[in-house]
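Trainee: Sequence:
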Amino acid sequence: MISQAKRQRLNSISALNMLKLARLQIRALITVLILVGIGTVFNLTAHAQYKSYSYDYVNVDIEVLDDSTVEITEEIAYRFDGEYHAMFRDINLEDRANIDACKSNSALQCGGFEFVEILEVRDNDGNVLRQTPEDDFDYDSQGRIITPPDEYSESYVDDGVNRSLRVQWVFSEPGIDFDNQVYKFTIKYKVYGSIGYFPQEGYDLFYWNTIFGDREETIDDVAVNITFPEDIGLTEDDFTVLGQG
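According to our numbering, the residues represented by the sequence shown are 19 to 263, in order.
Hint data in this document are derived by calculation from the structure and do not stem from the laboratory.
Treat each hint with caution, since some may be false.
Here are the computed lysine-lysine pairs in the DSS-like style, where the Cα-Cα straight-line distance is at most 30 Å [said to hold, decoys possible]: (1) 202 with 121; (2) 208 with 69; (3) 206 with 69.
Between beta-carbon pairs, the in silico distance windows are [what the hints assert, rightly or not]: (4) 158 with 84: 22 to 30 Å; (5) 154 with 114: 54 to 62 Å; (6) 220 with 122: 22 to 30 Å; (7) 164 with 249: 17 to 25 Å; (8) 123 with 197: 29 to 37 Å; (9) 217 with 190: 26 to 34 Å.
Just so you know, even glycine gets a beta-carbon here, dropped at the ideal spot from N, CA and C.
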C-alpha cells in the first residue's frame, strides 16, 4: 500500500517535456520536449574552500506500463572537485505559476499527474539504500536533514511557487575530498495518473519534465530512453525533440 505522504495530488502543468503517445489503433504521433536541468548538491561545512561540480551525465529511462502508470529511473552522475557531503533530487509536485497560466490560457497544453511513489534509491556502487523514517531525521546546524550513508530521506520543500518531493542522500557527513571525480546515485519512481486521453484529437498524452530545469550547473551528457508496452510502429517522422539550457 502506498503511504498517504506519497499520494501528493497535482493539478499542475509541466511546461517543458511532452510525449504524445498515439493509441495503437490510431496513427502514432509523438512529441518530446526536453529541457536539461536537475537538482543540486550541498556542502555541510561552514568554512569556505575551493570547490566546483558539474553533471558528468544524466541517464533517464521511462517505461510506460500496461496499466497507464509510468516508471522512471534517473541515474545522476556528478563530477566533484573539492569537499562534498550529499546530493539530492527535487521532483516537482506543484508549480503554481504554471497552474495560473493554464487557468488563464485555454490554448496551453496542460499535463499533470496524481501522485509519485519512490520505488528505490541506489548509491554510487549500485547498492539499494534504506529510507530513513521521518521520526528518525537528524539535522545539521542549518536545519538540513542528515541520515546515515546507507540510507536516504524523503521530505517536502515549498518555496511559495513550487512544491517538491526531495530525495536526498548524504553519502558522507564528514565529507569526501574529491579530485575531479565522478560520483552518482540512482532514483527509481512511479508516476500515477500522468497519461491523458484525447480521442477527438487522435492521441494520448504523457507530459513530463524528463530532466528538471532547477539545476545550477551544466550537464555534459544526457540520454533519455522511452519504452512502450508494445510496438506502436514509430518512425523518425513521429518524433520532434526541442530543448534549451
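Trainee: Confirm or reject each hint.
Mentor: We went through each hint and held it up to the structure:
no.: 1; hint: 202 with 121; verdict: 39 Å, violated
no.: 2; hint: 208 with 69; verdict: 34 Å, violated
no.: 3; hint: 206 with 69; verdict: 29 Å, holds
no.: 4; hint: 158 with 84: 22 to 30 Å; verdict: 44 Å, violated
no.: 5; hint: 154 with 114: 54 to 62 Å; verdict: 31 Å, violated
no.: 6; hint: 220 with 122: 22 to 30 Å; verdict: 27 Å, holds
no.: 7; hint: 164 with 249: 17 to 25 Å; verdict: 47 Å, violated
no.: 8; hint: 123 with 197: 29 to 37 Å; verdict: 50 Å, violated
no.: 9; hint: 217 with 190: 26 to 34 Å; verdict: 52 Å, violated
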